[in-house]
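As a plain string of letters, each chain reads:
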Amino acid sequence: MDFPISSVTISPLLLAGIGFLVGILGGFFGVGGGFIAGPLMFWAGVPMNFVVGTDLAHMTGKSIVAARRHRALGHVDIKLGLVMVMGTVLGVESGAQILEALEVADVADIVIGLVYVVILLGISAFTAWESLRALRMIGNDRLSVQDALGFEGAARRIQSITLPPMVSFPASGIASISLWIVLGVGYLTGLLAGALGVGGGFIRMPMLVYAVGIPTHVAVGTDLFEIVISASFGTITHAIKGNVDVLMALVMHTGAALGAQIGAVSTRFFAGPRIRLLFSALPLLGALMVLIRLLSGGTIHF
Amino acid sequence: MKTKEMHILVRNFVIELIVYGILVVAYSAIVFRLLGAPLAQLFGSNLFAYALISLVLILTQGVILDSVTSFLLNQLHLERLE
Chain A
1 MDFPISSVTI SPLLLAGIGF LVGILGGFFG VGGGFIAGPL MFWAGVPMNF
51 VVGTDLAHMT GKSIVAARRH RALGHVDIKL GLVMVMGTVL GVESGAQILE
101 ALEVADVADI VIGLVYVVIL LGISAFTAWE SLRALRMIGN DRLSVQDALG
151 FEGAARRIQS ITLPPMVSFP ASGIASISLW IVLGVGYLTG LLAGALGVGG
201 GFIRMPMLVY AVGIPTHVAV GTDLFEIVIS ASFGTITHAI KGNVDVLMAL
251 VMHTGAALGA QIGAVSTRFF AGPRIRLLFS ALPLLGALMV LIRLLSGGTI
301 HF
Chain V
1 MKTKEMHILV RNFVIELIVY GILVVAYSAI VFRLLGAPLA QLFGSNLFAY
51 ALISLVLILT QGVILDSVTS FLLNQLHLER LE
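These protein sequence lines are chains A and V, in that order.
Heads up: the first sequence is residues 1 to 302, going by our numbering.
Heads up: the second sequence is residues 1 to 82, going by our numbering.
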């Protein structure tokens, strides 16, 4: 089927299928799933600028529902979310400007593609290492499943940085932390959202847990709250730049809405470190899809 | 995983998949027929209006699809595991 906005011919069933798969994975792992949707769309033949904008648009529709549910459960730290969003919005705009500059230079596919591969491989390696470490600690009865977090020392060190102004987030159990760290987390994830078309959850959620020291369930809820805002802003700014095919986004979202429910239900049957270990395979898959497209499309050749 | 929970999970999945499949095909056809040309025209003429309408459309669809899912589950008397 021809999508008139992006001038791309692609099966709507394939798009709904990508949305469905991403919905399952996103619902299961508590992230938006953009880091896997982007590579899949790119692999399916969508130009990188439309991948970025359209992915953000589809994610907006998906995360609004999940964020509402987490809000009802009390898993959203509104104060943290609102502070972090200031950095996020700046980051999204910076990322969108970078993408536009790369488009003008006609190197968006190769640069964004390779950045995807590097980031995805890094996340995969780190998550696998951390979850295996946590599982070993559980095996040695040093920690309970709920408390197993293989990287808690980093959070303590980061919270000990006293660069003013200091802020507190009682809902997240943070007595005092430098405002700049929270803004920095927001900016970095916003930058990734704006440049790569991801919600940033795959990097913000681990950063909130590992670096800032927020409980996992609050990190997931607050992350989704952030995704709604950053993805909404990203949708607007990318649509104005002509990077959003909303018809594609609507079709993808129909599949994602169903998949997200299946994924969320499935989390009941796995413990935290096991979920993170399973999660580590996903970025590898995404990196592989991007590499295949770059190689088969002639963007990279030896 | 308990057998009963697995049974409920699989049953809900199959029923939702069938109902959703029918709805999605019908919905996509309607959306393309009604919105395809006007949105493409707006994309070519006024990107700011297109951006706002895109955001409203995707947010509205998000909330409506979630409501439809809940309604279907209630009407079909399916037990939710969430």
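Quick caveat, the hints were computed from the structure, so don't treat them as lab data.
C-beta: ideal position from N, C-alpha, C; glycine also.
Check the hints yourself; a few may be wrong.
[As the list claims (entries may be wrong)] With the Cβ distance kept under 10 Å, some of the chain A side facing chain V (calculated, not the full set):
hint, residue
1, Met1
2, Thr60
3, Ser63
4, Arg69
5, Leu188
6, Ser232
7, Leu247
8, Leu250
9, Gly255
10, Ala257
These are the hints, each one checked on the structure:
Taken as an interface hint, methionine 1/A checks out: its beta carbon lies about 8 Å from the nearest beta carbon of chain V, inside 10 Å. Because the beta carbon of threonine 60/A sits about 5 Å from the nearest beta carbon in chain V, less than 10 Å, this interface hint is met. At a threshold of 10 Å, the smallest CB-CB gap from serine 63/A to chain V is about 8 Å, leaving the interface hint in force. This hint holds: arginine 69/A has a C-beta 8 Å from the nearest C-beta of chain V, less than the 10 Å allowed.
The criterion of a C-beta within 10 Å of any C-beta in chain V is not met by leucine 188/A, whose closest approach is roughly 24 Å, and the hint is violated. Taking 10 Å as the C-beta cut-off, the interface hint given for serine 232/A holds, the closest approach to chain V being about 6 Å. At its closest, the beta carbon of leucine 247/A sits 6 Å from a beta carbon of chain V; the interface hint therefore holds under the 10 Å criterion. Hint on leucine 250/A holds. Least Cβ distance to chain V is approximately 6 Å, under the 10 Å limit.
A hinted interface residue such as glycine 255/A counts as satisfied when its beta carbon comes closer than 10 Å to some beta carbon of chain V; here the least separation is about 7 Å, so the hint holds. A hinted interface residue such as alanine 257/A counts as satisfied when its beta carbon comes closer than 10 Å to some beta carbon of chain V; here the least separation is about 4 Å, so the hint holds.
Figure legend: structure checked against the earlier numbered hints; the only hint not met is number 5.
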